[in-house]
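Protein chains: 4
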Amino acid sequence: MSKKVSKIAILTSGGDAPGMNATIRAVVRTGVYLGLEVYGIMRGYSGMMEDDIFPMGSKTVANIIQRGGTILKSARCREFYTEEGRAQAYANLKKRGIDGLVVIGGDGSFTGAMKLQNEFGLPVIGLPGTIDKDLYGTDFTIGFDTACNTAVQAIDKIRDTADAHDRLFIVEVMGRHAGYIALHSGIATGAETILIPEAATNIEDVIASLSEKEKRKKLVNIIVVAEGDAFGGANEVAKIVRERLPNFDTKVSILGHIQRGGSPTCIDRLVASRMGYHAVEALIAGKSNVMVGIINNEIVYTPLEVAIREKDSIDENWLRIVKILAS
Amino acid sequence: MSKKVSKIAILTSGGDAPGMNATIRAVVRTGVYLGLEVYGIMRGYSGMMEDDIFPMGSKTVANIIQRGGTILKSARCREFYTEEGRAQAYANLKKRGIDGLVVIGGDGSFTGAMKLQNEFGLPVIGLPGTIDKDLYGTDFTIGFDTACNTAVQAIDKIRDTADAHDRLFIVEVMGRHAGYIALHSGIATGAETILIPEAATNIEDVIASLSEKEKRKKLVNIIVVAEGDAFGGANEVAKIVRERLPNFDTKVSILGHIQRGGSPTCIDRLVASRMGYHAVEALIAGKSNVMVGIINNEIVYTPLEVAIREKDSIDENWLRIVKILAS
Amino acid sequence: MSKKVSKIAILTSGGDAPGMNATIRAVVRTGVYLGLEVYGIMRGYSGMMEDDIFPMGSKTVANIIQRGGTILKSARCREFYTEEGRAQAYANLKKRGIDGLVVIGGDGSFTGAMKLQNEFGLPVIGLPGTIDKDLYGTDFTIGFDTACNTAVQAIDKIRDTADAHDRLFIVEVMGRHAGYIALHSGIATGAETILIPEAATNIEDVIASLSEKEKRKKLVNIIVVAEGDAFGGANEVAKIVRERLPNFDTKVSILGHIQRGGSPTCIDRLVASRMGYHAVEALIAGKSNVMVGIINNEIVYTPLEVAIREKDSIDENWLRIVKILAS
Amino acid sequence: MSKKVSKIAILTSGGDAPGMNATIRAVVRTGVYLGLEVYGIMRGYSGMMEDDIFPMGSKTVANIIQRGGTILKSARCREFYTEEGRAQAYANLKKRGIDGLVVIGGDGSFTGAMKLQNEFGLPVIGLPGTIDKDLYGTDFTIGFDTACNTAVQAIDKIRDTADAHDRLFIVEVMGRHAGYIALHSGIATGAETILIPEAATNIEDVIASLSEKEKRKKLVNIIVVAEGDAFGGANEVAKIVRERLPNFDTKVSILGHIQRGGSPTCIDRLVASRMGYHAVEALIAGKSNVMVGIINNEIVYTPLEVAIREKDSIDENWLRIVKILAS
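Chains as they are written, first to last, in UniProt numbering: chain S, 1 to 327; chain W, 1 to 327; chain G, 1 to 327; chain F, 1 to 327.
Hints should not be assumed to be uniformly reliable.
Listed next, the in silico SDA-like pairs over lysine to any residue satisfying Cα-Cα at most 20 Å (straight line) [unchecked claim]:
1. K215/S to I71/W
2. K213/S to N63/W
3. K59/G to I64/S
4. K59/F to D51/G
5. K217/W to G35/G
6. K217/W to P246/S
7. K287/G to D51/G
8. K218/S to S58/W
9. K215/G to K59/F
10. K59/F to I71/W
A short list of chain F residues far from chain S (calculated; beta carbon distances all over 10 Å) [unchecked claim]:
11. P18
12. Y33
13. C77
14. S211
15. I254
16. K287
Since the hints were derived computationally from the structure, they do not count as laboratory data.
From a predicted model like this one, the values you see are computed outputs, not experimental measurements.
Note that CB positions come from ideal geometry on N, CA and C, so glycine has one too.
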């Protein structure tokens, strides 16, 4: 049976993602509307430990739905890995009477949240804020669609210059453990090949496919590589390609941190708004230790440990479509 | 039992939508890959009647995945409404041995396709190419996500100036029979109220809500109206608001045709690529008279007449969330 | 001989323009760096009258260089038109010891500034913040380049749909007294004709030129009209074109307020930064009643009354180039 | 005394730049309008040698003004460095009666053009097509403004994530011999320091300035480095900073080839249109061996060898303004 929640706090943690601000806005305004007091915690668990916590009202989140980054900032916090650290952090919540916590972030952030729940009984709700879409239990993570579009717009620009010079570009996008940004941006930009952690990279296949393109005088090609691909990043792939296929004019582009920033897309703002609303509803309904996700357009609650541990599989059909459409 | 398809044609019809070119690319390349001959038809049913039909190969669709508009152009065709007109149009397909047709468009386009199927036995597959998302049987239509993002970016700009001047803006977006662009762009831009054809507009509620905002000195507000809202467009709403709440500095902005153009978003390119691929697969599998849609991430085939006739309902939850988040 | 300035204030007034925030940042940081106290005034002359004035430091302008709108807001102020009103406003400056004022805005804003100088001896510097580029004495106004690019991107989208449907679009852009946005965006989007206040519109020429295009089957055409064109806006032009040339599929698009918002372009931020810096330098150097402008890449000071009264002429060469390039 | 020109050719060469297509359009349409025959040459001097030359009319350049890249493609051509190579290339022009050439590119491209003029008496006009703005004799080069805006938008995104994590980002932009992209994008994004080839980099100053920021707890900082800075690129700078100031969370981002692509800005399209027009006028007027530039809004003709050899100096004032505004 759930104790009634009356004061909740919110923090953002881990790598920032576009839409975090829209999520904060949704949590704060839903909380206020439903009669709760809402606190913001600066810099994730660091601010919790350092007591950098402040009350938030509807106006404090005005005009932020469209902003990249996070007004609550984010940080890694080593001290929070220790039990003493967490006790100190929790004490700062307790003294304010905070009896519910919403954590926006990825797997590291959720691990911290679970410890707060398990060690102190604090109800915690996780919201999937990660551009990589590397959490189980949701079709969307906050920031993923924006990161994909940023990558697509960058690769479109690269295609302009690739096309002007008949070049082969090997483009590295983010994704340490998940290849979704690579997959989606690669399909959307007509990539010749897409290399992702979820599928073993056969470099001989890559070479063979490029060789065939070379014979057909199709010299403009884009290969998209996820940074976490087991074979190695774009530079590794380029090294092999340059050795084996010296006739290609091969260039590397590593998109890097631009993928984290920018104004969120429409979908990321919708997902953020909906998840933020349901995080508060979930706390009020007595839920804890779960991540709010959206599957088949329905809100689904997945235990945090499952969200971290399990992994979505990449739809094999897509890899077939990639091959056909790049022909 | 299905006759084997060997030559297919593709056309775009009705209002153009971003992603049509990505769809054409997918249909052509999938067709060629699977051993079919593929023809392009210019200007929809007009080009079919005027015999403006030409063979397409993989290279003819190179470097178009990112382009707005449609390289096959689109047009209305009055003559096609007559049986003679359609007979003439079909004859142009027949003389080339074209035994399958992919139609990218909305309800009018699908009506034409059904007639070709019914009158001449031509296998036809419809792909939902409409920014309004006004077809039944799919979570996504080609162009919808781009139109929403275009609207969002425009309204973000309007919010800059609204905020600078403490103004109320009434913004009209496209959507004659469906309020999805209004709903999505309104949520994503933090609109105070969203007026759509699917829900009766109670102008007294609008006035009351604004009055309450006025009392709280919240003068910067955005109302998003779908052009097809039964109450009337942005100008109608503005007229009432100006009379009843003269203290608001009320401005109108009608976004208009910019919502049709532009480079498609990542999702629209994915949807276009996937649907284009499955349209060809469907023809080969002997399907006809159906629209390819995506529901809960699965490919679903809906009879064209159902896709036109039935209507998705708007999720009531969203309207509640809008109210809370704009507070 | 100049009295040493020690406390300056800044306000934004009139229609907002992208780059105003970058200008505020430059004025504040330059002032602080050079040892002055800097005050911000909210909502232009309204805030001056209502004593809505607050001290600004370097941190108060952090992370705003890229934002549209103006953090100081803008407003019209009727009471400021009276001598009593201005006396009250000036008293609020005087009691703080403010001995210099930077006004970012257009002609109305400069008129107010001149009165403060003339009536109370307050040193005032004007900075040209107007998207219309309707001030004399500068090659650039703050916001103009952004507005042009916003118009260009919108018209590019319109061209996508114009091209798909073989349509004639008549697009209205901002510019009540100056046709620069129309001229620049029209050239940049390959407009067939550009109608501006500075040149008499001969509708017969427009009709003749379109007729000739019709004969050559060039059906996709864009006409760009400044809102202040003497002939009338886009709707007026469309009415005539539809009557006289019914074969064109003529559509109207009025871009409206989106042209005021958005993140400023690189040039607008450079211009804003440079002008903001020189405004403070000018006050320190004892200048007053002048607008800071940039002509041929040099800083030029023009008396405010001249900046308002005189008018740049449009380079006739451009109109010839438009005609040739649209052929 | 000038011989009348009747057939001209156009090519793009060297690194591609946004606006090259707008330039091609202007040259072709102006040429046709003035009664000349116009030829396009594919892949720069390579296509000239390989006889890949084709007639261009007004329609061949329709709907390209907004496209990045170059429809004529670009390439390096080693064989053209030999006299035999050039003789062969010139023969391909001569046999068509081509008596004028417009070359869009940078210093390498102009060197080739001068040889054609000197060795064969072919009238040549150079147009400055380079994102780096590394040519003397013009305030604008085609593509520069777009590249600056692309860099600015990328750095804005990086600032979002820098701000969320209190990070120092060292961003490398293009510019091997000229620091203009670094200077302009750095000012426009509020960079703390800008390192360019034109000014000696004193790494001790950089460290001292960052140290001072660290003391003031200003941890979010952007340093923009031109790739051609004598000290080394972003990675070199980061190495030193990480050693000397380990408390900063220092990240590197190399923007790379995205700076070459994308739809040109309004200014780049204006510059391209104007220069393209004047290139043809110049050929008709009997000019040769000169680059068309724009200085103080006037068309200026600079001998190609001067345009290559001389160098603009960076305005020292800007470096002072950078320092003040980043404070």
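Each hint tested on the structure:
Of the pairs offered as hints, the one joining K215/S and I71/W is violated, with about 28 Å between alpha carbons and a cut-off of 20 Å exceeded. The straight-line distance between the Cα atoms of K213/S and N63/W is roughly 16 Å, inside the 20 Å bound, and the hint therefore holds. This hinted pair checks out: K59/G and I64/S have alpha carbons roughly 19 Å apart, not beyond 20 Å. About 62 Å separates the Cα atoms of K59/F and D51/G, which puts this hinted pair outside 20 Å; it is violated.
A distance of roughly 37 Å separates the Cα atoms of K217/W and G35/G; the hinted pair therefore is violated under the 20 Å criterion. Proposed proximity of K217/W and P246/S is contradicted: the alpha carbons are some 67 Å apart, above 20 Å. Annotation: proposed proximity of K287/G to D51/G is violated, straight-line Cα distance about 26 Å (limit 20 Å). The suggested pairing of K218/S with S58/W holds, with an alpha-carbon distance near 11 Å, which does not exceed 20 Å.
Pair hint K215/G plus K59/F holds up; C-alpha atoms about 15 Å apart against a cutoff of 20 Å. Restraint check: the Cα-Cα separation between K59/F and I71/W comes to about 15 Å, which is no more than 20 Å; the hinted pair holds. Some Cβ of chain S comes within 10 Å of the Cβ of P18/F; the nearest lies about 8 Å off, and the non-interface call is violated. Distance check for Y33/F against chain S: the nearest CB is about 27 Å away, which clears 10 Å, and the non-interface claim stands.
With a closest Cβ-Cβ approach of about 12 Å to chain S, C77/F is found to remain outside the 10 Å limit, as its non-interface label requires. Distance check for S211/F against chain S: the nearest CB is about 21 Å away, which clears 10 Å, and the non-interface claim stands. A beta-carbon of chain S is positioned within 10 Å of the beta-carbon of I254/F; the least distance is around 7 Å. With a least beta-carbon separation of about 28 Å from chain S, K287/F lies farther than 10 Å from that chain, consistent with its non-interface assignment.
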